[in-house]
Amino acid sequence: GAVVSQHPSWVICKSGTSVKIECRSLDFQATTMFWYRQFPKQSLMLMATSNEGSKATYEQGVEKDKFLINHASLTLSTLTVTSAHPEDSSFYICSAPTSVSYNEQFFGPGTRLTVL
Amino acid sequence: EDKVVQSPLSLVVHEGDTVTLNCSYEVTNFRSLLWYKQEKKAPTFLFMLTSSGIEKKSGRLSSILDKKELSSILNITATQTGDSAIYLCAGAPSGTYKYIFGTGTRLKVLA
Chain A
1 GAVVSQHPSW
11 VICKSGTSVK
21 IECRSLDFQA
31 TTMFWYRQFP
41 KQSLMLMATS
51 NEGSKATYEQ
61 GVEKDKFLIN
71 HASLTLSTLT
81 VTSAHPEDSS
91 FYICSAPTSV
101 SYNEQFFGPG
111 TRLTVL
Chain B
117 EDKVVQSPLS
127 LVVHEGDTVT
137 LNCSYEVTNF
147 RSLLWYKQEK
157 KAPTFLFMLT
167 SSGIEKKSGR
177 LSSILDKKEL
187 SSILNITATQ
197 TGDSAIYLCA
207 GAPSGTYKYI
217 FGTGTRLKVL
227 A
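Protein sequences appear in the order of chains A and B.
Position 73 (the first sequence) corresponds to 73 in the numbering used here; numbering is contiguous.
Just add 116 to the spot in the second sequence (first one is 1) and you have the numbering used here.
Looking at chain A on its own, in the form it has when it is part of the complex:
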């Protein structure tokens, strides 16, 4: 199956700092990627749809100025958590559908963010 990577796999930062998370499709091109957030013992919540070459589409209740998304190429999307606070601590997962099997999304391994 297709491979999606994320970097870093975990990060600890101080409150007020910004953190950038990368999501890469390794063996296919992805014009669309999705960013999810998962709190402990909860399901995946879609945050935003990242579109290559255009602005991201944010889900209701997600602050676009706080969670900056840039999809600069067909294989890379980045999520920047700006001025992070402890309540932003979560597991962030990206996914991407392939053009071959557009019904199926492939998930990255996730990034665990802890804000002190």
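Simulated from the structure, these hints should not be mistaken for laboratory data.
Because the structure is a prediction, the values reported are computed rather than measured.
It is possible that some hints are incorrect.
Claimed, not checked - Where chain B lies over chain A, by a calculated footprint (3+ residues, C-beta under 8 Å):
#1 37-47
#2 108-116
Said to hold, decoys possible - To give a feel for the contact side, a few chain A residues facing chain B, derived at Cβ under 7 Å:
#3 I93
#4 P97
#5 T98
Stated by the list, open to error - If we take Cβ atoms under 7 Å as the criterion, some of the chain B residues that face chain A in the derived model are:
#6 A158
#7 G175
#8 Y213
#9 F217
#10 T219
#11 G220
Ideal placement from N, C-alpha and C gives every residue a C-beta, glycine not left out.
Using the hints, position chain B against chain A.
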């Protein structure tokens, strides 16, 4: 509003037991339903169901979709401790790649 609901929320069984996980959905322009297994990291794909009544099998796991009842079940027979995970189902509408995830069922299999 689209939603996907799973039951039970959590389940504890012993090795060798058979379990059935439930998923019901209300998804506008429904296209398919997907099942994922999530251990410590990102979800891994199990099944995608598009047609009603056709069972999909992979080893001890099987799943079926009932479009009339807007539901799906995931069966795991002869459970093993390695089956312990969160099982997620997601509804996929047509015309979009966006999935609507259910709450997940946390399964724990005891030795």
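Tell me if the interface restraint on T219 of chain B is satisfied: Cβ within less than 7 Å of some Cβ in chain A. holds (5 Å)
Can I93 of chain A be said to touch chain B, with a Cβ gap under 7 Å? holds (5 Å)
Per the CB criterion, is Y213 of chain B less than 7 Å away from chain A? holds (5 Å)
Going by Cβ atoms only, is A158 of chain B closer than 7 Å to chain A? Where the cut-off is 7 Å and the nearest Cβ of chain A is about 4 Å from A158 of chain B, the hint holds.
Given hint F217 of chain B near chain A, where the shortest CB pair must fall under 7 Å: holds (5 Å)
Is the coverage entry for the segment 108-116 of chain A by chain B consistent with the three-residue Cβ rule at 8 Å? holds (count 3)
Under 7 Å, Cβ to Cβ, is where G220 of chain B needs to be relative to chain A, so tell me if that hint holds or is violated. Because about 5 Å separates G220 of chain B from the closest Cβ in chain A, which is inside the 7 Å limit, the hint holds.
Using Cβ atoms only, decide whether T98 of chain A comes closer than 7 Å to chain B, and label the hint accordingly. violated (10 Å)
Just to be careful: measuring from the Cβ of G175 of chain B to every Cβ in chain A, is the smallest value less than 7 Å? violated (17 Å)
Status of the hint placing P97 of chain A at chain B (closest C-beta pair under 7 Å): Hint holds; P97 of chain A Cβ to chain B Cβ min 5 Å, cut 7 Å.
Three residues minimum, CB to CB under 8 Å: does the segment 37-47 of chain A make the cut for coverage by chain B? Let me know. Coverage by chain B holds here, the residue count being 6 at a Cβ distance below 8 Å.
Hint compliance for this structure: hints 5 and 7 are not met, and every other hint is.
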